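Asker: Just so you know, the sequences run in chain order B and A.
Take the first sequence: its position 18, counted from the start at 1, is 17 in numbering that gives the first Met the number 0, and no numbers get skipped.
Take the second sequence: its position 277, counted from the start at 1, is 276 in numbering that gives the first Met the number 0, and no numbers get skipped.
These are computed hints drawn from the structure, not numbers from a lab.
Just so we're clear, the structure is a prediction, and the values are computed from it rather than from any experiment.
Treat the hints with caution; some may be incorrect.
Said to hold, decoys possible - Interface residues of chain A toward chain B, partial, derived using beta-carbon atoms under 7 Å:
hint	residue
1	S50
2	T53
3	Y275
4	Q279
5	E311
6	E315
7	N343
8	N357
9	G358
Where is the CB? At the ideal position from N, CA and C, for every residue including glycine.
There are 2 protein chains.
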Amino acid sequence: MKLRQVEARNFRNITQLDYHPGSGLNILLGDNAQGKTNILESIYVLSTGSSFRTGQDKNMIQYEKEAFILRGRYNYNDRDIESILSYSLKEGKRFAVNSKKTTFNHSDRLRVVLFTPDDLYLIKGSPGKRRQFLDFVLGQIKNEYDYNLSNYVKILKKRNLLLKREQSNTRSFKIIEDIFIENAARVILARINLITILDESSSSIYKEISNKGQLKTRYALSFPIDSGKINLDILKKALKKQIQEKTDQEIKRRSSLVGPHLDDMHIYQDGKLARYFASQGQQRNIAVALKLAELYTFKKISGFYPVFLLDEVLSELDAQKRQLLLDHLQEAEFQSFLTSVHLNDVEYSQAAISVVENGEIH
Amino acid sequence: MKLRQVEARNFRNITQLDYHPGSGLNILLGDNAQGKTNILESIYVLSTGSSFRTGQDKNMIQYEKEAFILRGRYNYNDRDIESILSYSLKEGKRFAVNSKKTTFNHSDRLRVVLFTPDDLYLIKGSPGKRRQFLDFVLGQIKNEYDYNLSNYVKILKKRNLLLKREQSNTRSFKIIEDIFIENAARVILARINLITILDESSSSIYKEISNKGQLKTRYALSFPIDSGKINLDILKKALKKQIQEKTDQEIKRRSSLVGPHLDDMHIYQDGKLARYFASQGQQRNIAVALKLAELYTFKKISGFYPVFLLDEVLSELDAQKRQLLLDHLQEAEFQSFLTSVHLNDVEYSQAAISVVENGEIH
């Protein structure tokens with residue numbers, strides 16, 4: 000997928016934008032608060048329908064205006080596609096692909112992978128952040144996964160409610176056990192398969208963009224498994240056994256202590272847990288490697304690359320790491336957009352540079 | 000307070016460090032993962048007894064070693080003080096000020112204010128982050144505040160428990176109401192007074208380090224007040240009224256819907272909420288202004304400056320903002336330590352520069 004044109008009107012500090020990016024690495028250069036991230040945000044919103052910066056669409060409308068409109072033209076599977084999103088205070092949101100009104104599930108919609116400084120929390124945040132990442136990637140790729148996950152979440156809620164109400168001896172508690180285990184095992188298995196692919200990509204990318212350093216990513220189950228092999232049956236048996244052993248404790252704590260809602264993804268750098276032992280710059284580099292791996296995984300499964308958006312990724316990296324990352328993006332097959340306040344010490348002759356000033360591109 | 004010497008042994012990637020900083024701005028310069036943040040961490044741990052990067056002390060011990068030791072020599076109220084912290088796997092933690100074993104409440108201990116990239120969450124994180132910040136600053140300054148706050152937290156738990164158990168008609172629910180209101184009002188009043196001081200400092204600092212831009216900080220109560228004036232009695236009356244109005248809803252939701260646990264601090268840049276409208280770089284600048292204001296507030300109330308530690312604050316700021324911040328730190332009366340991967344485009348002739356490489360200072 001390659002963006003050929005981005006137009007925006009009355010979006011954040013952008014009054015009118017007509018941007019024709021290059022097909023490789025695009026760099027948006029400018030001082031703070033000039034609108035670099037607003038351009039990334041416009042691309043992201045065209046893809047997903049909502050922002051990564053605000054939950055309220057009205058916050059994206061330019062000050063004292065009543066509506067914004069975004070238009071993207073991109074190439075997808077050798078076809079030229081246009082999508083338009085408009086949002087007004089009066090009429091709300093409208094989205095169209097090739098002039099036909101549609102939803103953000105449309106198969107021809109723009110696809111992006113986004114990296115922001117907040118993605119550091121993938122490394123140092125709580126396990127919930129990492130589960131969210133896995134669930135998001137899987138949800139983008141497989142509709143079946145979202146189905147199993149939402150089933151699991153519903154049953155988990157029901158189960159916790161019964162535990163809270165001290166009704167773990169009831170018939171309904173027993174009845175949901177099998178469904179609970181079935182969905183839990185499917186969620187876990189999908190995550191483990193994803194991590195196998197992610198680990199392969201991210202460890203080779205990390206070697207490249209960190210120059211030295213070994214990255215390993217492993218799924219961390221919250222319960223023991225006796226077997227060296229993992230499949231659906233083995234997971235189900237292990238879950239069942241664990242539930243039997245923990246039921247007393249679950250009744251006491253009034254909460255489900257078994258299942259994928261307690262699992263984690265362990266990220267090791269040179270054999271040590273990155274969340275405790277990697278430096279700020281290394282953690283940022285690891286987060287980028289995981290996001291790049293997300294991009295390659297998407298390509299492997301869906302057959303095409305999303306557009307890669309990178310917000311302020313160069314800061315905090317030392318000169319060598321900045322260059323290695325830029326080299327990777329300049330030589331990649333996919334299209335990327337990267338914001339930065341300066342380009343000291345780096346070679347960027349293959350990139351398309353745009354200077355952003357006061358909501359305009361120069 | 001000025002640090003004259005920092006020694007560290009077997010701490011993170013530092014085998015042996017003997018660092019004699021300058022009394023103004025000190026810059027720790029180096030590539031990623033060389034140990035810049037480890038030096039800040041050693042100073043922070045000497046001050047507070049624990050790390051901002053890990054909950055487990057053993058993670059700070061150098062790989063395959065059994066213990067670390069930190070020593071600081073600093074000037075405080077014209078006296079020279081030495082504090083030593085050692086931690087070993089076998090014997091745990093020991094802390095001494097001027098060769099006497101003591102605790103981290105000792106009045107002569109080192110004091111620091113820390114800024115890390117995570118402090119961006121002060122701006123864009125949940126209200127809880129901002130309440131935590133206010134509570135931390137107040138706790139450092141006034142012992143009485145911690146007392147009121149911990150009383151409030153205990154009573155809030157008790158109250159929520161009674162609401163959960165549908166016992167809001169009991170005698171004990173009525174009995175705790177007055178204590179609940181009393182402590183709630185004291186916590187809120189202390190926070191409002193703090194914000195008045197913080198707002199004054201931070202808005203003038205922000206004007207200086209952002210060049211343009213107006214910063215306003217206001218306490219956001221979760222309940223209405225009829226009066227323009229605020230004092231303890233007015234707060235108590237307003238809380239009482241609000242509790243009466245909300246009790247039905249509280250019973251339904253089984254949770255306390257009134258009190259300082261629901262308040263927030265609103266941060267406005269040029270009249271707009273910074274969490275939604277400020278750019279990444281601006282948010283970082285605002286967070287630094289609030290941290291500097293914390294330092295000046297500390298001085299105003301305690302009579303002396305803590306040491307200011309700034310981790311990776313320059314990245315994401317544009318050239319002008321980097322220079323304005325460095326100027327402020329170079330001209331300040333307090334001592335500061337700042338890490339950075341490079342010093343392009345900035346003038347730093349009044350700073351003491353140390354290059355950090357592989358856990359050593361050059």
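Asker: Under the constraints set out in the numbered hints, which ones does this structure not fulfil?
Answerer: Violated hints (numbers, rising): 1, 8, 9; every other hint is consistent with the structure.
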